Amino acid sequence: MAEKEKLTIAVLSGDLERALAAFMLAVTGASMGMEVSMFFTFWGLNIIKRNEGSIKSKGLMRKMLNLINRGGSRRLKLSKFNMFGLGTWVMKQLMKDTNMPSIDEFIAMAHQMGVKLIACTTTCGVMGLPPVTDTFRSEVESLAGAAYFLGEARQSKVTLFI
Amino acid sequence: MAEKEKLTIAVLSGDLERALAAFMLAVTGASMGMEVSMFFTFWGLNIIKRNEGSIKSKGLMRKMLNLINRGGSRRLKLSKFNMFGLGTWVMKQLMKDTNMPSIDEFIAMAHQMGVKLIACTTTCGVMGLPPVTDTFRSEVESLAGAAYFLGEARQSKVTLFI
Amino acid sequence: MAEKEKLTIAVLSGDLERALAAFMLAVTGASMGMEVSMFFTFWGLNIIKRNEGSIKSKGLMRKMLNLINRGGSRRLKLSKFNMFGLGTWVMKQLMKDTNMPSIDEFIAMAHQMGVKLIACTTTCGVMGLPPVTDTFRSEVESLAGAAYFLGEARQSKVTLFI
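Protein chains in written order, with my numbering: chain V, 4 to 165; chain S, 4 to 165; chain E, 4 to 165.
FYI, nobody ran anything at the bench for these hints, they're computed from the structure. Values in this document were obtained by computation on a predicted structure and should not be read as measured data. Be aware that one or more of the hints could be misleading.
Same chains, same names: a pair is fine if it fits in one copy or spans any two.
Using 20 Å as the maximum straight-line C-alpha spacing, the simulated SDA-like pairs for lysine to any residue come out as follows [claimed, not checked]:
hint : residue 1 : residue 2
1    : Lys-95    : Ile-71
2    : Lys-61    : Thr-124
3    : Lys-119   : Asp-137
4    : Lys-83    : Glu-142
5    : Lys-83    : Asn-69
6    : Lys-99    : Thr-124
7    : Lys-9     : Gln-115
8    : Lys-9     : Arg-157
9    : Lys-99    : Glu-38
Let the hints inform the model, and build the full structure from the sequences given.
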């Protein structure tokens, strides 16, 4: 049996539009029979951070960073024209209007379709996040570092850095 | 005859510097004998939106988004140091000074060299744009979705996400 | 003897987090036995610009651009939550705390591990920088254009655009 072609997506950005693009491609790739991995790093960790509950992080710096950068799929904003939330709100209306899934729906869909969601351990530290599975949503399969990402990318037909 | 190597570029950003980078690479790839496709999505749609005339979009949300995000190749700005247009103006002067083509010239050049310009249908909706060829410049060959992009990327020697 | 697999990274961004991601991947790739090239363009040129001394650029436009965009590895900022330097300072504290190398240390490390650092000639002009090796740190091996980058990318197992 032929092995599946791989698609590996690194998501560094936590902007709403880049998160949407990443999930559209991941879900489309999976539906085309590709084996898809998404690797979340830096602001991208915001996308897969738990929405509910607060994260217990040690030290003043981490507490500060978690206060100004709360994260979670429902707090993602557009990189432009956010205008105190108005631009992001307009786009979310248009998403509903054109039947585009929300980020929460995309995460559930991707998970069901076998897309592997991986949190970058190396950058949890500088983002003030405890590098444990509890920090992230239940759909997140594992935590791994840059070597794991490059290992996947080397075997991939398509690698995207978003 | 050997098949041409493919270069596929996804352009999500509408920032002047990223648009320039995308076209430099597309035009260089074509001049090296590669078969080049550019796939514009989200803010990248601004680059290939018609400059003249207004777009007839239905509904208040779409009208609002088109008002705040007019788009068109001549309205692209730098992502940093725009400073109410000053930074962008300075860079445009330096572009002239160093004989770098403008975005309009790059689009014409790319089109003449056989670079395929494709607008993403899936994101037209959330950007408040009617997903028809009339929305875009005449150089834009077609509209297509994420599956088309991934299909091209799978066959490509180089895929870039800009 | 088998040839080494190549990793080619284009760095367009001058944001601290993207610079860090690029160097983490470059250094990890080199440690995995890959042959790594980093190609700096547009704001990415800021990362490898000399920290000390001023750059002698001719013409008012270039002088202006160099004044507002001083560059250098120690002036890189976060793309978000910079908050007049506070956010960037917090992240730099967390980098120390988690033993993550600074950009200066990453550049030295990458250079020692044989990672090739290349400055993009084509964009030096529009960034107001003289396209000579003197503009950049001593670790920068050479200057080259878009054709060189695509040539490397065509031979690479993994190409990333950051």
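Going down the list of hints, with the structure as the test:
1. Only between protomers do Lys-95 and Ile-71 lie at most 20 Å apart by alpha-carbon distance; the minimum there is 16 Å, versus 23 Å within a single protomer.
2. Taking the closest pair of Cα atoms, Lys-61 and Thr-124 come within 20 Å of each other only inside a single copy of the chain (17 Å); across copies the shortest separation is 45 Å, beyond that limit.
3. In the homo-oligomer, the alpha carbons of Lys-119 and Asp-137 lie at most 20 Å apart inside one protomer (17 Å), although the nearest pairing across protomers, at 39 Å, exceeds that limit.
4. Taking the shortest Cα distances, Lys-83 and Glu-142 never come within 20 Å of each other, neither inside one copy (29 Å) nor across copies (26 Å).
5. For a Cα distance limit of 20 Å, the shortest separation of Lys-83 from Asn-69 across copies, 13 Å, qualifies, whereas the shortest one inside one copy, 22 Å, does not.
6. For the homomeric pair Lys-99 and Thr-124, the shortest alpha-carbon distance between copies (16 Å) is at most 20 Å, but the shortest distance inside one copy (34 Å) is not.
7. For the homomeric pair Lys-9 and Gln-115, the shortest alpha-carbon distance inside one copy (17 Å) is at most 20 Å, but the shortest distance between copies (32 Å) is not.
8. For a Cα distance limit of 20 Å, the shortest separation of Lys-9 from Arg-157 qualifies both inside one copy, at 10 Å, and across copies, at 9 Å.
9. Taking CA atoms no more than 20 Å apart as the test, Lys-99 paired with Glu-38 passes in neither setting, with 28 Å inside one copy and 37 Å between copies.
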